[in-house]
Amino acid sequence: MDNRILITGNEAIGAGAIAAGCDCYFGYPITPQNELTAYMSRWMPARGRTFVQAESEISAINMVYGAAATGARAMTSSSSPGISLKQEGISYLAGSELPAVIVNVQRGGPGLGNIEPAQGDYFQAVKGGGHGDYHVIVLAPASVQEMYDLTMLAFDLADRWRNPALVLADGRIGQMMEPLTPHKKTKKRNLPPKDWALTGAENREKRVVKSFFPAIGELEQYNRHLASKYARIQRSESRAEEYFTEGAEVVLAAFGTVARLCREVVRKARKKGLPVGLLRPVTLWPFPAAHFEKLASSARAFLVVEMNAGQMVEDVRLATSCRLPVSFYGRMGGGVPEIGEIYRRTQKLLTAVSAKAAS
Amino acid sequence: MGKVHQIKRPKTLLDVDSHYCAGCGHGIIHRIVAELIDELDLRGRIVGIAPVGCAVLAYNYLDIDMSEAAHGRVPSVATGIKRSHPELQVIAYQGDGDLASIGTAEIIHAANRGENYTTIFVNNCIYGMTGGQMAPTTLPGQRTATSPEGRDTATMGAPVRVCELLNTLNNPYLLVRTALDGPAGVRTTKKWIREAFLGQGADRGFSLIEVLSPCPTYWRMTPEQSMEHIKTTVRKYFPTGVFRHAEKERDECLSA
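Taken in sequence, the protein lines are chains Z and F. FYI, in the numbering used here the residues of the first sequence are 1274 to 1632. FYI, in the numbering used here the residues of the second sequence are 7 to 262.
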């Protein structure tokens, strides 16, 4: 029997979290992710799990910290300004090596901005956001199905690496409705035991969950330990999708909602016999640099398309060591790139690089 | 000569050097907590939460599972722990900066939701850890690092009374203010923290024991003077007493 359901992206995140065994959800209302908070307020208690509407986004991330410290699977969600509020808590989670899932359904910024979709929080998600040397694993869904799948993956990656994981979506994908095929049975992943969790020191030594290391030299050593973990994550967890990149002279690069539009551009272009492809990062951290490096040898140019003033484009330039032209087209403040406009710029770029190659 | 009573270190109080100042109230309160954990056999099913403040290293002194918390956010961390593991006892330890300044929203809402955990609120009218700055609980006219001419209530506010504030809410179970101003005060403090632990075990809900505590270093007093100061002056602004003890009419006091 077909078990597909028609559901919003926001609710698909909730369904994925519940399927992943999320024990606790702590949230606070903010547009455009309120469908998720409402979904969790109904379905978490219905399954005997914990839902709390906290008094603020700051309180919610700290509730996540407490639950995570006991070994529970905990999650919070918000949108751009609320994610800014959570940054200290996220730094504490990473610094205390606690697994947790944070969802950002991005809206226009900076400041209060608007409630339209945007991708202006890429830097915040990937380059830090909070203080100190740490990273969160960042996943960028591009469909309602991926909202579900990548949320489940986020819980597993967070547990595997004892680190927070962030699902970076936007208001468009959050509020659109598409068919979702829920997993019939959750695959059992090989995850390390939580022998650090605070469960009451019955018949064992006490445990402490902290990120404070005031003794001379201790914090530097700890930072090296974290850095080596991040290096291992970079080597093993990056994910990307390639779409018609074989023989592509111009490669589009985009994530999330914009990748869907770029896919359509590639289809249109290939129908006309134009050598255009799309490289879509699925993990934004670790950034799939190897994919870009490889394509830098065969392509003539990249066109990075984003809903911001130019953020991921910097990582594309870094990953390709600026060996080839990396162009950028962006819309900001809730503006969404139009397929026609992306196609026109792709054509123009293709003409330019072909001309250069011929000269 | 009368019987000699040998004072033994409670098992839960670790035998390590203390960083607290001579005459600091944290030493007394840590010991009270350790004694109670021993007496009520809580070690295997309790989690403590340390604040940001002088007690940031509390986890070095108590032999129980403990978590750090971001400044002011202890009530949220407690909520996360207790909601995911209601079978655990949770003891939250906060100072006046953590609880009454940056954490004001968190403590009010945890109390309002009636989260079933115990807060020990150490009120010493100052910020010790960071060098003696003004706290929301600093007394009028008190000189501190950020009120060098003395606290001017017209521009800096007057002392915040947390027990009275929380007493306007429906859900809290136990709200008590005690004072470490002598042996009787120490005994009363232990009595009410014990009551709070037992109440938590019986799922009575949110409990907060506010303990007026000495800070000889930043009050610029001797330890004896600082206890006298609590007795004669601090208690004028922060009256001790039981503000809320829900269900006392129905049940006997759990500590009896």
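In short, the hints are calculated from the structure, not lab data. Remember, predicted model here, so these are calculated numbers, not experimental data. Take the hints with a grain of salt, since some may be wrong.
[What the hints assert, rightly or not] Under the rule of at most 20 Å between Cα atoms (straight-line distance), these lysine to aspartate or glutamate pairs were calculated in the EDC-like manner: (1) Lys197/F to Asp158/F; (2) Lys17/F to Glu1478/Z; (3) Lys17/F to Glu1370/Z; (4) Lys1541/Z to Glu1515/Z; (5) Lys1479/Z to Asp23/F; (6) Lys1479/Z to Glu41/F; (7) Lys1479/Z to Asp21/F; (8) Lys1479/Z to Asp158/F; (9) Lys1479/Z to Glu170/F; (10) Lys1479/Z to Asp47/F; (11) Lys1483/Z to Asp44/F; (12) Lys1457/Z to Asp1275/Z; (13) Lys1479/Z to Glu93/F; (14) Lys1467/Z to Glu93/F.
The hints, checked one at a time:
1. At roughly 36 Å between alpha-carbon atoms, Lys197/F and Asp158/F are farther apart than 20 Å, so this suggested pair is violated.
2. For the suggested pair Lys17/F and Glu1478/Z, the alpha carbons sit about 13 Å apart, so the restraint of at most 20 Å is met.
3. A distance of roughly 29 Å separates the Cα atoms of Lys17/F and Glu1370/Z; the hinted pair therefore is violated under the 20 Å criterion.
4. Restraint check for Lys1541/Z and Glu1515/Z: the C-alpha separation of about 16 Å stays at or below 20 Å, so the hint holds.
5. Restraint check for Lys1479/Z and Asp23/F: the C-alpha separation of about 18 Å stays at or below 20 Å, so the hint holds.
6. Distance restraint check for Lys1479/Z and Glu41/F: the Cα-Cα separation of roughly 17 Å lies within the 20 Å cut-off, and the hinted pair is therefore satisfied.
7. Of the supplied pair hints, the one linking Lys1479/Z and Asp21/F holds, its CA atoms being roughly 14 Å apart against a limit of 20 Å.
8. A distance of roughly 45 Å separates the Cα atoms of Lys1479/Z and Asp158/F; the hinted pair therefore is violated under the 20 Å criterion.
9. Of the pairs offered as hints, the one joining Lys1479/Z and Glu170/F is violated, with about 36 Å between alpha carbons and a cut-off of 20 Å exceeded.
10. With a C-alpha separation of about 15 Å, the suggested pair Lys1479/Z and Asp47/F falls inside the 20 Å cut-off, and the hint holds.
11. The suggested pairing of Lys1483/Z with Asp44/F is violated, with an alpha-carbon distance near 24 Å, which exceeds 20 Å.
12. For the given pair, Lys1457/Z sits about 11 Å from Asp1275/Z by alpha-carbon distance, which is consistent with the 20 Å threshold.
13. Between the alpha carbons of Lys1479/Z and Glu93/F the distance comes to roughly 18 Å, so the proposed pair stays at or under 20 Å and holds.
14. Proposed proximity of Lys1467/Z and Glu93/F is supported: the alpha carbons are some 18 Å apart, at most 20 Å.
This entry does not satisfy hints 1, 3, 8, 9 and 11, going by the numbered hints stated previously.
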